[in-house]
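*Asks:* Work the whole structure out from these sequences, hints included.
Each position in the sequence shown, counted from 1, maps to that position plus 1295 in this note's numbering.
Not one of these hints is a red herring.
Computed list of lysine-lysine pairs in BS3-like fashion (alpha-carbon distance at most 25 Å, straight line):
1. 1439 to 1390
2. 1421 to 1439
3. 1341 to 1390
Between beta-carbon pairs, the in silico distance windows are:
4. 1437 to 1378: 26 to 34 Å
5. 1404 to 1340: 23 to 31 Å
6. 1317 to 1440: 40 to 48 Å
Please keep in mind that the hints were generated in silico from the structure rather than gathered at the bench. Owing to the predicted nature of the structure, the values given are computational and were not obtained by experimental measurement. Don't be surprised by glycine CBs; every beta carbon is placed ideally from N, CA and C.
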Amino acid sequence: SSGINAEWPLRPGENVEHHVELEEHVARCSLTGHVTFLRSVSDELKLQLLRKSTALLYTPSDEHFGIVPLESMYCETPVVAVNSGGPLETVRDEKTGFLRDAQPGEFGTAMARFVTQPGLSSAMGKHGREHVQENFSFEAFSGKLDQFVLGLC
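*Replies:* Written out as structure tokens, the structure is:
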């Protein structure tokens, strides 16, 4: 089924309040039945969702490195992320996804491109997987470490 999936662990405090706000927003926008909130999903389900998604929306501003965009790109799913923090190091704008200002309209415009440009998600997804394998795989890290250590000698 098509729709929006969101996943995070449900803990007391801020996450619970945020979940309630999001569910109320979905209802106000008449999107009940089109948006599903998933909490603490298994790795297997997460991979299934990533493989079937058009794109991953990664909304944290000034987030540290973060593994989520890399997981997404490895699954050949492009990333639409805020143009700050870790995504600046991992997402290649216009190649493996989009880096945008933290504004809903910016994210919406990026997502609309996947609708208006058939094949864009697939092409960016393939670039994303290559990017992860070339730059963030164990082999890539060990090669860079070897170069660094040899440079010290």
